[in-house]
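> Protein chains in written order, with the numbering used here: chain A, 1 to 787; chain B, 1 to 413.
Calculated directly from the structure, the hints in this document are not laboratory data.
It is possible that part of the hints are untrue.
Claimed, not checked - Facing chain B, from chain A, some residues (calculated, C-beta under 7 Å):
#, residue
1, Ile262
2, Glu277
3, Trp279
4, Ser280
5, Val287
What the hints assert, rightly or not - Partner residues are not named here, just some residues of chain B that face chain A (Cβ under 10 Å, in silico):
#, residue
6, Val98
7, Val102
8, Arg230
9, Pro231
10, Met232
11, Lys322
12, Gly324
13, Ile327
14, Leu407
15, Leu408
We put the beta carbon where it would ideally sit given N, CA and C, even for glycine.
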Amino acid sequence: MSFNLNFIALRKYRKITQQVLNLEADYKKLSDNQLKDNTRRFREQLQKGATTDDIVVEAFATAREADFRILGMRPFENQVLGAVMIHFGNVAEMKTGEGKTLTATMPMYLNGLAGPGAFLITANPYLANRDAEEIGKVYEWLGETVTAGVGLNDDDKVDGKVVYGHDIVYTTNSQIGFDYLIDNLADSEDDRKQREFRFALIDEVDSVLLDTAQTPLVISGAPKVQSNLFMSADKLVKSLVENHDYEISEDTKSSWFTATGIEDMETYLGISELLSEQWSDMYRHLVLALRANTIMHINRDYVVDNNEVYLLDTDNGRELEGMKLEAGMHQALEAKEDVPLSDQTRSMASITYQNLFKMFTKLSGMTGTALTAAHEFMETYNLPVLPVPTHKPNIRIDHPDIIYSTMENKINAVIDLIKETHAKKRPMLVETGSVSLSRLYSRLLLREGIVHNVLNAQSAAKEALIVAEAGQPGAVTIATSMAGRGTDIKLGPGVAEMGGLLVIGTERMDNQRIDDQLRGRSGRQGDPGESVFFASLDDKIVIENAPDWMDDFRRKTVAREAGQKVVPLKSRRVRKIINRAQKDAENNSESGRTSGMEYDEVLKTQRDIVYAFRNKIMKTDQLDQQIQLVVNYAIKTVTKEFTEPNKELTEYVINNVDYNYFNNTVLQKRSSSIASVEDKLNAIVKTRLEQRTQALQSDFQMNYLRRLSILKALDTAWVDQVDNLQQLKSAISNRSAGMHNGAYEYERDAKRSFERMKQTFWKSAVKNMCLSELVPQSDGSVKVEFP
Amino acid sequence: MTAIKNNKILRRVLFTVLVLIVQELGKAIVLPTINIADAQASLRHYSFYQFLAATTGGQFTTPTLLSIGLAPYMTGMILLQAVRLLDIDAINNMPKRVESTVQRLAMLVIGFLQALQLVYFIRKEILPGKMIAGMSVNFIVSVLLLVAGTMFVCWLADMNSEYGAGGLGFMLMPSLISATPRILMQGQGLGTPGMIFTPKLIAIIAVVCIIFVFTTVWINKAERRLVIKRPMISSDFESSNLPIRVLAAGSMPLMFSTSVFIIPRYLVAYGAKGSTIEFVEKYFSLDNIYGVTGYCLIVLLLGSAFAFMNVQPEQIAKSLKKSGDYIAGFIPGDVTRKYISHEVITVSFIGNVYLTVSCGLPLILGLYFDNVSNLSFLFSNVIIMVTILDNVVDQFRAMYSSQHYDLLHPTKR
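If we strip away everything but chain B, and leave its shape as in the complex, we get (with noise of 0.2 Å):
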């Protein structure tokens, strides 16, 4: 007990275990409000919304406690950042109390349209009960349960960034995990074609995923650097930098990039007319030329939205300048953040470009090839998951190099 006690990584490893167990229970606590066995059918011809649960530790194929996932969280997050972008004093100088109870709430907020979205593509499945002022009491029941169970998750995910391993991007892994062999079979319903499975074909995509995932983890480490000259500090120590790293953006695009896709399906959905749909139907799916066109240039343009929000040229020109810090070459203020800025596009430009071909490729190759469609799915859920671990293994090596200082011995790195 007192090796647990002394060992800090172990302890971290243990409470992130004890949080994954809870969620997985909590996942499977189904909602006693609806008749389960009808909703699930009726969810299966939104397979489209399966995928963005997938990426954001929701799940859509039974109504759960935990249905919603971290949905609200993520995007609560997002906009917040992108909140941030517009550089208004008054967000700028909010103490850190204030900024995470207005997260909280827009978690709360986002969380409670999104039950409330489930709750109607099941609303006939709502088990009959009383009613109160013309609604089914059943049906609030339904939306409050969903709310409190996305809001639990995002607490747990909190408890888990500040106790255990791996943060809010490790608490999604299990839904990632146990959705890609499913994603590989079936496509995400936007159109393409269920893959056929040989044992010829299973291994050419290990190898393949394989040679993916290093090429991944390359490219997560490149990062350009930006030498920062300090006249405040007189230290010939070490040069200071600004990092920019290929992967801007994260894997926040691929992330959300079918999400942003499927809005027009989503809005027509509530009821639209029938060429409407049809033109959705026919453009916004990826089966063909339009549709995968359309998908890969949004995988772009959330690359370059990300990158900037991730690096916020504007507030680090702007500290430099009040710091008196410089790049070597670049007047402080106006000039420094073009410059900024100009880095940023170009070198995220590779790794948008990265992240794009990995999921086009696929794509289009599949409108010709038989068995290839559905990669793109994978190789996407396989670059989150890289950058996810990347983050996790950079956290256990600086908690492992913190317990091990020794002065009479050199470290073994």
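If we strip away everything but chain A, and leave its shape as in the complex, we get (with noise of 0.2 Å):
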């Protein structure tokens, strides 16, 4: 296993953790003024040739002198450790509570030292402001530069020039996918923000490469033209009756009408085939309500807020700020809430998580949970795993789970478990699936009296601050699994007397590393602890991942207990079954990110292709030779596509060269040959590109009117493309039925796809050239018009 040869490598990093520790006589005597030198000292090396690895001890040794100085506490000698194993570009295990971010210190300000290309990856604003400020403190001191890369709020616009031209960026994963694919839309050099990806250190590393990696980053824009089946079709879908005109299926998570349902709609709608060709567009209509009503539950998958429809990120209930769902499934959502529909669009530019930061040159990470996926690191990053071992022994209690076999028994446990510790004053975290089911246990407790915190991920600020107080004598916080990471919780006066924080799971999430950062809220730095996960058969993860059998199984042991009290299920079966069934949702997850990963690959070459273009068209001077083949091959693709060549030259000349040509001689003159209608074409286009050239006061409007034609023609195309990618993968996974590979049909189609792609490219391209204006406007600029 990946243990027997990390073992070489924990040897050196133990060796020179242990080079670092052995500095800090020396560094202790240091004057203010001699550390910060080291930092000139060590840009000087790097300058010469010398990398990174060769100054680590020294470096790491400064930097740990210098975090006493600013911010009083010095990395212990497992904080070196892990920091060690990050510089090398590994994960660090670290547990909750070890300091994970004092532990940064060290590679960021190594990394930094090179210039502009080193980021911290966080998992949200709150934390990327806050981290950079204060912690920050200490590169500043050491005279290195240091910022957020994102707003505290979504209303904070920053100056992307500005902060990748720090050494140390803070930011989120969204933040820095979106930035690159906003800076290749971008018109010219200038506006480009990012410069090198030189070394990421991403905190929560399985949150951000695994779990958020499931969903790749879209751009969605160029909406489409509206349609307005979605009203009826959702009133239709909403009077059927379930059972009898659509079912649903066990695991709930699809639905479809039967052979009834779809009579009852076609003599609803008074027609006859609604499966036939000429109403497939109805059809999909009800398709998408039936799903909407059917599928997606309000407050678990989505909330309707100021009229809106916004989508719930199902691990830790946060709105997704503009994220929408595709083809028209977001529309149909918005039918059925009755509310306003907003346009629908496309996608503009994707990447995925594991593809952008494959990118960086170095790639690191740090999180309490990372070996239960350790190979899932090796296989896509290309990432070892290694733990560090705790700095005092960790003494938490992990009760094993307690099974009930309705929800119902399930919660009333919960709320007398909540009643017996509160009436000590013990703190609690109560964990929950959902934004609903918070709000469920919010009011069960209210009518309890027992006074609560809840986190439904409204403010990133406003969580870290209740967090914090959640271990207080007397605490109670509900949250859904992922509010207020990043924050310590505190024991307060007398509760580690009580046994510590008792952290509580109301259900099992979708998988084991969800569940252990949890646990791992209590008991941080040796402090007592005690952590204990209710489940029950109606659970969301029994019910969309259990065999089949489990119904049965479910009624049989409810009618069992029926007159009886309650108690908890003890079978080793039924602890079988909730475990199977996390392990199986885990499997899934873990595929879905691999074959998204896969049709990426495709996506990616043509976009590394695309975007290599356009960098260099940004950067050449000259575009006459490029100009010349696009013009070519524009006009082969245009005269191919004649079907009565002497009628529909005229027409494309006046419609892509120019409103005005009047050259009566030229054009009446009958073409014989395809060739002869080339040359001609060519001719007319020569001349009108000649004519726009002189018409210009400069050579520089000139290429700045010719590079922005041909970049515009390009995104246009590309846009186009990767719209239509997105929907080819999806399509594809049906071909492989055939026994032919899926994903080499998938390449041929995209590749076909790509020419077509081509050859609208150079046709927009002629057409942006020989048509935009030049519109001057009041303050002297010029703006570019296209047609």
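Both chains are given apart, each in its own frame, so use the hints to dock them into the complex.
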């Protein structure tokens, strides 16, 4: 297993750690200025050709001493070990409360010495800003520049160019991803913000690289024409009867119409053959409406806020800003909730987190829970996972799960436990599976008269404050799984004697790691603590993942319990069911991530080519050669499409080359062959381009216009291609049924589609160059208007 | 060297060449615990056994390390697919890693059984040596060596799929090619007469073969496309389709037809009454109309079975239903499943008939004319090779196209 090979690396890291610790005495004696001067010295060495590995011992010792002088905390031995692991491109598994934030200072300092390009990626904007400010003091004192790359609130605008000019940037994964995609929509070199992707340290790396990596990052725009069938489809579907007209699958993840349902709908609509080609659009809307009404649940998958539908992050119940479901699904939800329909948009640019982070020269991470996913880190990112021993031994008591047959029994048991614990004034952290469940528990606690806090992902800053108080006597905090991550829960007076913080999980989450993270909130730094998980056979994870015979089993168990006092289920079989269900959910997520990655490979190849081409165009002064080729092939493509060359030639010229074209002699001569049509068109276009060149005042303006024409043409064509490929990806998975290799077919079709995109690009580029207008503005600048 | 590093195709081809070399070397390592010369003589009695080995990458003329070849791998794969047809939830939801572990275990078991069987056939030729608990140590060692050999070659096949070109199929090519001349001349020990070669005959065979290759390539590409409508996708880009290949069963019926045909002989070799042996020899031989008809029926049956295993109409109909997709004009669910099954039967029938005629016709003609029977085996091998190579060519095409993107020039087709 991975450990045995990492053993050698661990020995090396321990040696380096020892060397760093040995320097402590000497560095304590250095004056402030001497310490700061080290930075200059290191920078010189790096410039002369040394690598960061050469100076790691001294640099870490410097940062360690600086941490003490600025923050009052000197990193412990295990924190230095973690830092060394991180610097050499590993994932350091450090349990919660071990001080990961402080550990990060050492590798960040070292890797920031070479200039801009060192990033610390964290889970949310609040943490990025908080750490950039507090921890950033150390880097600044030592002579580096540091800033947060993302605004604290959603409305805060951040100047990207300034941000990415800093040595060290604290930012979120979505922010850096979006900035990358937007950079590649830029019009000129000056507009680009990002520079090198040299080093990334990812905090909560399992959440960023694995959990959120399931959904690729997509920029949407380019609205499509709206359809008006959504409302009527929704009305019709709402009138249908479950099990008669439609069925829902056991795992509640899909639903479909029955034969009767289709008949009933046909009667209602007064048509026959709903499934025929003729009515496919109507049927499409009906399918969307059915899924919206049966599979998507309010307050679990989405919320309605401000007359708009917002998607919820299933992990932590947060509202996902700006994310919409594709292909009309979002509009179907809006119809269901009777809010105004928003525009349907297309994907304009996309990248998976896997491919985004693979672009870094060096990648590393830290988290409390990585070993269970070690193989996936290795396979996808080539990141080994190494455990860091805790500073003080862990004395938390983890109880085995308490399982009930129904949700109701479980909830009652949870409330009883809360009442019992609260009576002793012992603090509790209660984790729920969704926003609506949080609200349910909150209402129940109110009824019992127990004062409590609810963290429902509204504001990360407020959450951090609430979470920090969660260890005080009498505190009861209800939260969804990701809420308040990154903030330590310190125990208040007298709590340790009571056994520390009690963590109650009200259901098992989608994978083991999230459960472990919850447990890890208690018992930090050798504090006493306790954790216990509840589960029921009605839980979402069981229903979605357990085998078919579960239904019967549940019913029989409930029947057996009728009339008796409710007790937890003790059988091993039940325990195994719950564990299996979680394992299955984990495996599904993993294969979802892997297949998402395979398909992005094709898109990545094309994306890299397009982005590289864009960069070249932006940097080149003389575009004559490229323009020549583009014009050539555009004309070839166009003439090939003509069915009646002589007639269509005029049409084409007037619409694409020159609105006012008037040269009858050229056009009236009938062409005998394709070649001569091509020649004619070539001549016309050439003349036109020369005319325009002369009309412009300067070479500079002409180059600017041409560059912009090409870029705009490419961007529009590429946007369509991205959208096409997104759709194709889902479509292609059906084809593997024919024994042709699915991935190869996708690549073939993607390539064909790319060819078509090229042709569109050439044609638009020519059109842009011939027809775009330069409109002088009142402030002296010139705006370009495209046809 | 950098050229090799950068050229994906070249890398893959070189890797496959390496794999093939290793495989050929392994085939030459004879088992040290057997008297080779005598074993070879012994094995000649089981000549019907040879063909199974040839189509699955092994060889049974001489007991070597890699004698068992890839048969356990392929059988394991088929068994797993057949089990999938049963549509049991526990199996459907098996994660990939567990699935592959199960497959490996199946391979191990099958390989062990085959090793036992081969060593049993040549038990008299095992070199005498120490005994443990009543069993000859050499016997045990022989079995273990054979099992190790087959697991090794299965691993090679996996490596070839991942880093080389052509995957599993390509590794069967050497043994297919080398077996063909022998089979042509001697038949498979199932009662077909040997062939006498004249230059005229060779010329005719060559021409027929070439024509045959072309027809096979053409039929291999033929498919019926069922149009799938996808409500969840709102692009009027390219319609989606579900292809049902004419050769839905691939060439697998031919790979396993002989092995199924020889099952009676095989069981009989373990010691049965004289009259049973006679019965088997009479009706399960290719020198009379009963045997030939039986053989053709087997090919037809295997064809239908494999077609269903490859397409899995039940699974497809289920997944279409769940994702909201449908075939225009057919209610999702049972109705769609029946339609797909119907299409599979009709379309694959053509393919199966082609397979049956290709190997059946020469046999039937061979009952009346000389020098025709063994052509059946030649055609079988050709079909197998064509289907394998078709796959490899597809793979190469995809690899080539992925390396040649250029925004300023159209791509040469």
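> Going through the numbered hints above, which ones does this structure break? Give me the numbers in ascending order.
3, 7
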